[in-house]
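J.: Residue-level listing of the chains:
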Amino acid sequence: MALLDIRQRSGWLFTAVVVGHILLITTQVNTHRGVPVLESLTFGVFAEVQRAGASAIGSIRDVWENYFALQQIRRENHDMREEVAQLRLGLQQERALAQQSRTLQQLLDMRSSTKLSTTAAAVIAGGASPDFRTITLDKGSRDGLQPDMAVMAPAGVVGRIILPTPRASKVQLLIDRDAAAGAISERSRAQGVVIGTGTSLLRLDHVSGTADIKVGDRIVTSGIEGIYPKGFEIGKIESIERRAGDFSAVSVRPSVEFSSLEAVLVVLTRPSSVSGKPNDASVGSDDEGR
Amino acid sequence: MRAAGVLIAVALALALQTTLHRFVVAGTTAIDLVLVAVVYIALTSGPVSGMLAGSVAGLIQDLLSTGVLGIGGLAKTIVGFVVGAIGQQFIVTAPLPRLVTFLGATAAYQVLFMGMYVVLGQRSFPSPWAAIASQALGNAIVGMIAFSIIEALPGVMERRRAGRRTRH
Chain G
1 MALLDIRQRS GWLFTAVVVG HILLITTQVN THRGVPVLES LTFGVFAEVQ RAGASAIGSI
61 RDVWENYFAL QQIRRENHDM REEVAQLRLG LQQERALAQQ SRTLQQLLDM RSSTKLSTTA
121 AAVIAGGASP DFRTITLDKG SRDGLQPDMA VMAPAGVVGR IILPTPRASK VQLLIDRDAA
181 AGAISERSRA QGVVIGTGTS LLRLDHVSGT ADIKVGDRIV TSGIEGIYPK GFEIGKIESI
241 ERRAGDFSAV SVRPSVEFSS LEAVLVVLTR PSSVSGKPND ASVGSDDEGR
Chain B
1001 MRAAGVLIAV ALALALQTTL HRFVVAGTTA IDLVLVAVVY IALTSGPVSG MLAGSVAGLI
1061 QDLLSTGVLG IGGLAKTIVG FVVGAIGQQF IVTAPLPRLV TFLGATAAYQ VLFMGMYVVL
1121 GQRSFPSPWA AIASQALGNA IVGMIAFSII EALPGVMERR RAGRRTRH
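Chains as they are written, first to last, in the working numbering: chain G, 1 to 290; chain B, 1001 to 1168.
Hints should not be assumed to be uniformly reliable.
Stated by the list, open to error - Footprint (simulated), chain G over chain B, 3 or more residues, beta carbon under 8 Å:
#1 1069 to 1077
#2 1115 to 1123
Unchecked claim - With beta-carbon atoms standing in for the labels, derived distance ranges:
#3 G:Arg-61 with B:Ala-1162: 31 to 37 Å
#4 G:Pro-147 with B:Ala-1004: 34 to 40 Å
#5 B:Arg-1160 with G:Arg-95: 36 to 42 Å
Think of the hints as simulated: they come from the structure by calculation, not from any bench. This structure is a prediction, so every number in the text was calculated from the model and none was measured. Glycine included, every Cβ here is placed at the ideal spot set by N, Cα and C.
Assemble the whole structure, with the sequences as input and the hints as a guide.
T.: Below, the structure is given as structure tokens:
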């Protein structure tokens, strides 16, 4: 009956819920920027759900690929065909292993070339809302991960740790609307700030009107914000628009393919003490294409 | 029972959204499976269920994201309530009205969501229309497929039961 009463007063209930949300928003906007305990707790709990979800999906996929698909092949093929199918399956597994080895080799190459203290982590989930570009890693504060640590891939910069819990971490991708990084043109040394747009492209802002930049220029981190080590690849300039002598819009295509990230490297060096040599650690997208 | 069903649907949508991110988020096209679930619940269960589903789902998404807690919740609450009210006032059972509802709900959600961020000075959204249009289309297609599958399930089950009975 009580539920019925509530349903009959849906207008009041709607108003109450809306007012509740507005109060909630207001309290946050007026406070200092930081990580609320509730957010940390919810993320920590949900990271375990995501871990279980990723594990369950992996198990189901394994069962499907290793049992049902093979059963189907056994029904449909004679002895020779079965042998060919098994050989093909073996070849695919070898290719998958080779690909995995290449990815790990790239991470190792990157690790040894940067001279920074790093740790490898696997991506276990994406963001809960498509309006925010985040991923979840399988390592957290127990593994030494801290807020504002840089996250890298063999192709270039991925983002930064924004919320580490003991066993998982949330990473803000560089393409998120709230993300930014100090940037510099590898060719002309023109400086700017790369800003996420929420799409697959980045925007290069704060570039001097007299700067020498052109389409195809490689953009690397400048390290000026104290998060990303200097010299890591961000992407390449895709388009430039000029208005009244100034750069009105400079688009940068990221070198990292954010939708297919599986493993990343987290730079464990504390953000305040990061100091790489210019271009000494530039690991280009060419590596990924090999 | 209905509340449990709503919570399960929201949890399932959230789990799918985060687990299958590689398939639902590609470049500028980003499908919001949670919003699809909220619109579905609102259309099938009315404004109160839609509002509560939107509120809970939006708040959880806010907690798991990097933005201001409550903005996504408020936008989804309003969309859930309005879609539920529309579903009670009009016949929204044919494919075309449902398609329009999903398109409109996504567009309204994005306008509310982005509008609140802009008003509060927290974020800027330069030229967001392509992203809104692609998400509206993606959500509408996923929503239509979800409706078709869920509505076809009882009939399939009934036919299977009838088939077993005739064999005996």
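J.: Confirm or reject each hint.
T.: Here is how each hint holds up against the structure:
Counting residues of the region 1069 to 1077 of chain B whose C-beta lies closer than 8 Å to any C-beta of chain G gives 7; at least three are required, and the coverage claim holds. Only when three residues or more bring their CB closer than 8 Å to a CB of chain G does the claim for the region 1115 to 1123 of chain B stand; here the count is 4, and the claim holds. Separation of G:Arg-61 from B:Ala-1162 is about 34 Å and conforms to the stated range, judged on CB atoms against 31 to 37 Å. Evaluation of the 34 to 40 Å hint for G:Pro-147 and B:Ala-1004 yields a pass: the beta carbon distance comes to about 37 Å.
Between B:Arg-1160 and G:Arg-95 the beta carbons are some 41 Å apart, a value that agrees with the proposed interval 36 to 42 Å.
Checked against the numbered hints listed earlier, the structure breaks none of them; every hint is satisfied.
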